[in-house]
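Asker: Chains as they are written, first to last, in the working numbering: chain B, -17 to 289; chain Z, -17 to 289.
Hints were generated in silico from the structure; no laboratory data involved.
All clues stand as given, with none of them false.
Computed footprint of chain B on chain Z; a stretch qualifies when at least three of its residues, placed anywhere within it, have a C-beta under 8 Å from a C-beta of chain B: (1) 137 to 149; (2) 186 to 198; (3) 201 to 210; (4) 232 to 242; (5) 246 to 255; (6) 269 to 281.
Positions of the beta carbon are idealized from the N, C-alpha and C atoms, including for glycine.
Number of protein chains: 2
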Amino acid sequence: MSIALPEAVRIREVGPRDGFQNEPEVIPTADKVRLIDALARTGIQRLELTSFVRADVIPQLADAREVLAAVDIPEGVERSVLVPNERGLEAALEHREQIDGVSVFLSASETHNKKNVNRTVAESLDALGRVIPAAVGAGFHCTAVIATSFGCPYEGVVEEDRVLQLAAALAAAGATELGFGDTTGMANPAQVARFFARAAVDLPGVELTAHFHNTRGQGLANAVAALQVGCTSFESSFGELGGCPVPKGATGNIATEDLVSMFEEMGVATGVSLPALLDATRDVAGVLGRPLGSHTLVAGPIDWHGA
Amino acid sequence: MSIALPEAVRIREVGPRDGFQNEPEVIPTADKVRLIDALARTGIQRLELTSFVRADVIPQLADAREVLAAVDIPEGVERSVLVPNERGLEAALEHREQIDGVSVFLSASETHNKKNVNRTVAESLDALGRVIPAAVGAGFHCTAVIATSFGCPYEGVVEEDRVLQLAAALAAAGATELGFGDTTGMANPAQVARFFARAAVDLPGVELTAHFHNTRGQGLANAVAALQVGCTSFESSFGELGGCPVPKGATGNIATEDLVSMFEEMGVATGVSLPALLDATRDVAGVLGRPLGSHTLVAGPIDWHGA
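Pulled out of the complex, with its shape left as it was, chain B reads as follows (with noise of 0.2 Å):
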C-alpha cells in the first residue's frame, strides 16, 4: 500500500441481473422494480438492471421489459442491460429511451464459451464485431466481458495474452468499457495486479473492469489487487448474490456493501451509501428468504463512534 491509492471508484451493481437471474426461483417483478429502484437511490453510478435473453432458457428475466417500462432511476445512473447476442441487442434498441448501456461477453476458454453460449469464441467475437459498433453506432455506452479470464473451471489455465488479445480485438470493435471476470472465482491478488498492471498499458484509452466473485473467499483482496494498480471501475452484487453455478454451492459476486465498506474505510470514495445499500440487502433478503452471503448484511457497518 506504499502506492497512492485511486481516490474514487465507479461500482457497476449487477445484482439486477447477474443476482435475479441465478435464483431457482423467479423473482416477482414488482419486488424487482422496488429493489432496483431503492438501488438506483444509494448513491451507485451504474446498475445492470436486466438481460434480454430467451425466456425460455432465463425464465427470471423474461420480465425484462416490464422491468425497463416500470424503474424510476435518477438522473446520471447509468442504466445497462446485458444483451448476449444480435437479437438481445434490437430488443435493447427499442427501449432507447430506457437504456443508457449494454454489456456483452464471450469466454476466454473454448469449453467454457461452449457450454455457456454453444458458439466457439471465434464466433462469439465474429458476431460479437457487429454487436459492438452497432450498439456504440447507436449511442449506447459499450461493456465487453471477458469470462473466465482469470482461469478456467473446465480448461485450468488460461493465458493472460489470450485475454489481452480478445480485449484488443473487443476495443478495436469498438467497446467502451472493458470488463474482466473471474468466473468462478480462481483469481489472485498477485495474478490480478500483474494482470491489470499490464492491461493498462496495452489497452490505452478504454476503461478496464474487474468482475471478481467471491467463490474462495478472496474476492475482496482481488480487488484492493487490481485498485492498487490503478484499476477505478468495479462490479458486485448485492447480497453477493448471483455468480456461476460451477463449483456447485459455491458463492458469487463479491457483495456490493462488503466492497464499499472496504473502500470507503480505505479512503476511496464510492459515492454509496452504506445505510442505503444495506437497506435494499434486508429487502432481497426477505424476498428470496434465505442468508445470504454477504458479511456487511450481518455484522452491519463499521462504527467509529463519531470518528
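Chain Z: place on chain B using the hints.
Answerer: Same frame as chain B, now just chain Z:
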C-alpha cells in the same frame, strides 16, 4: 504487488482453541483429539491446542488437560496453549512436556479489556509483566496478543500509537512474538499495511503476527496487505470457526483453508497441504452439523488441470 512478496509464511491454526471455545455445544474430547491430530499432519507449523481457563467460565475447554494428554503431535509442530493469567501459566507449566509455547493477551481498548477480562489495560499489562518473563524463563515461546488492535466495537478508533506502545511494553517484558488481533473485523487493507510497515520499524527483533477476522469479508484482503509489507506470520482457524460474539452473528477468524489457498496461488509457500486441511475441515463440519463460513470447503481447491 510491485513489491516482492515474501516467499513463505508461517500459520498458527487456532481453531482448536479460538474455534472450539466459541461453539455453543461442548465438542467431545475424542472429536477434539482426532481433529487436532489431523490438523497437526497437514504441514501446519503451529497449533494452538486449547486454553487453561476456568471451566465454569468456558466449559468448552474444560478438558484442556485430557486433550493435551491424548493428542499426538508430530515433531516440529509448535504446540501452544492460551493462558489468560498466572493461574493459567501454572497449569501450562505442569504440562511443560506437552507444550512448546503459550499465548497471553490483553486488549488495546479499555472497554474491550474490561468486558473480556474484567481488568484495566494497566492491570493486564502489570500481570503480563510477571507472566511473560515466567513463561520465557520456563523455556516457552511466548506470544503476546493485542486484541482490538485495529478498532474496538465499543470505543471505535484505537490509536496506532497506543497499540505500538503496548506492543513495545510486551516486547520489553520478553515476549518472543507479538500478535495483533482485528477482533471484530474493523481493519481495512490500507490501515493494515500502514500498521505493519510501522510495526516492523518500531519493534525490531520480535516476530510480528497478524490475526484477522472476516467479519465484513475483508479478512483475506487484510492478510495480503500485511504480507505486502513483509509480515510472514499469521493466525487463522479451520472452517472459519471462532471469532468474537460482537457483532452478533458475525463470522469468525479468517478460514485457514481460504488463507492457504490464496497464499499458495500467489506463490507464497505455507507448508500446508490444502487437501489434508480440507479433510480436517470436513470432519469438523460433520461434528458441528452446521454450514461453516469457509469458502474453499464449499468450492474445493482450484483445479488447474495439471498445470
